[in-house]
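Residue numbers (my numbering), protein chains in the order written: chain E, -19 to 246; chain D, 63 to 486.
Careful, some of the hints might be misleading.
Below, in silico cross-link-like pairs of lysine-lysine (DSSO-like), each with a Cα-Cα straight-line distance of 27 Å or less [stated by the list, open to error]: (1) Lys252/D to Lys272/D; (2) Lys252/D to Lys85/E; (3) Lys246/D to Lys272/D; (4) Lys246/D to Lys85/E.
These aren't lab readings, by the way, just hints derived from the structure by calculation.
Please read all numbers here as calculations on a predicted model, not as lab measurements.
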Amino acid sequence: MKLAGRFTALWVYRGFVLGMVARDFRGRYLGSVLGASWAVLNPLAQILIYTLVFSRVMHARLPDIQDTLAYSLFLCAGLLTWSYFVEVLLRSQTVFLEQANMLKKVSFPRITLPSYVFLSASVNFAIVWGLFLGFLLVSGRWPGWVLVALVPLLILQQVLAAGLGLALGVANVFFRDVGQAVGVGLQFWFWLTPIVYPIGTVPEFARGLITWNPLYPLIASYQRIIVEHQWPVWSHLWPVCILATAAAVVSETMFRHLAGAMVDEL
Amino acid sequence: MSGGLAVSRLGKSYRRYEQRWHRLCEWLSAGRVAWHQDFWALREVTFSVASGESVGIIGLNGAGKTTLLKILTGTTQPTEGHVEIAGRVASLLELGIGFHPDFSGRQNAVMAGQLMGVPVQDLAALMPDIEGFAEIGQYIDQPVRTYSTGMAVRLAFSVATAARPEVLIIDETLSVGDAYFQHKCIRRIKDFQRAGTTILFVSHDPTAVKTLCGRALLLEGGRLIQDGPPDHVLDYYNAMIAKREANQEILQAEGAGRPKTTRSGSFEARIAEVDLLGADGRPARAFTVGERGRVRARIEFASPVLAPTIGILIRDRVGNDVFGTNSFYVAPIEDACEPGDDLTVEFDIDLNLGAGTYTLTIAVHSDATHLAGNYDWWDKVIGFQIVPGSESSFIGSAWLPVRLRVERQGRTITSARRGAGERA
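Modelling step: build the complete structure from the supplied sequences, incorporating the hints.
Dropping the structure here:
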């Protein structure tokens, strides 16, 4: 199916995609008394732990910055966006296997599956990030207009996540090793990205290595926006731009060629 | 024309790899090395179905029926050839796919409908009908996990058939609960049929195909080997394929060890070999009604025997004698046989028997009956099966010639000859 045809199919099946997102969301809290409030309580607890524990209990500080909350904000800026990236990547990677039964038995546009996963993760991120922004406002650390820069940054990040996720998801159907390898790879990737530690604390040789990490400029930009209230250095983002485009093209090609054969493997 | 479909030179091959890494090597070599073996589940299948036609698809397991249906419903892509379908296809192959046990019947119905590509607005309009047809009452707003199997299937069927599709694919194994609901489903399918829906019906059941379909396709080994009126195709299926299947089954079972047979006698003469052969001269264990079979036996002698008699007996499933004869009555052997002699005996019999399983017993004795001197009596040495062929229907274990004439006020209104010789 051509790319345009796929978008048309996606539009026709929008009800199904949205239904799956809703089911995904509701399914998680079904049978609980508090219901959807858990969707807020969970990330709220997460944010409070990072902010309170690190600022009040452990007195973690960022070098050169006086603010006691600086490290907590730094951590949240990197970790919450990283989680969004990972959720899309990991879930797109397994979605075809999870929905094997449906794929084998019913004819529907396959692209709806990664799409619903993407939207579902986005809903979760929107809740967490909304709470985090609320926290910034309440604690008097609202960054102001620089927040607008988040939009292109997040789009870039998620194009990369979706592209990688789709390519790996297709490959995972044929070689289940992919799923295992990605789990291991992501651990390395997490610790090779300055999310819990500032780049300044890393020895010189490792810093060179980290600059090759495509996620580094993105994560650094979030931290810059949230902690320093500064616009990102756009020129640093070229490599990740190219990578995201490449991932999108590769995944699109793989999907076009292998989507049909996928069902025979499930 | 909506509801018509055309399939041309359709083929589907599955790639088989001995090892998982063979595929990896193949991928990495970008197609320069072929590590796989192609397994063709379907090949060179061409047919077209007119709008509103009802077609039965028959074939043994593994003949390619499921693969064909999967391609028609669009879940799998053909390797070669193409399919053209005008209109929406609904399939009743798998009911309840996409049902989530924790959601209510209504929510699941909406979801399943969307999965079939029905827009939400349409579903809202169809909902009362879906609820009404499923007859699950208040349960519609309860989680599906609280449903009985029958209720879930009823709901699934209601959703799948809520809007009349242009093409409907039905699997015979479809079971939709109790007899009452089953009838309701069949009525709905027949309504669709009348309204012009094209129906593809997969089945092993000849009567079902005959009543529902005006045409039948027979698949074997991934190929379309018959396409025509159901009577004709089903006769062919029974005669050629069911027979072959039964034949193989029995021969395989024999290969794995013959059933326990009793053998008795003084063994002055001995049955060294016995077999049942088909028209092609090869061992056969399944025959169509009226087909000619040949019992061939070799007799060896341990002592001098004057004028031996060789007899055969066919018994039915429960052990009743159906037919028996011996050489004394047919063509007596008058020779004196010496030790080391070797007789080959062949009985050619037109098996004018009813469908069912039978056994063959063979014996060598000294007289017209085995009561005088019994040399070797081999009970139930071979089991065989009679399958229906293209003859007109009958019941019982004997296929007798029949002539029927009906007169109404002295004028013949119908007459025909049936039974053995009908095909001669």
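Taking the earlier hints as the rules, which of them does this structure contradict?
Violated hints: none; all satisfied.
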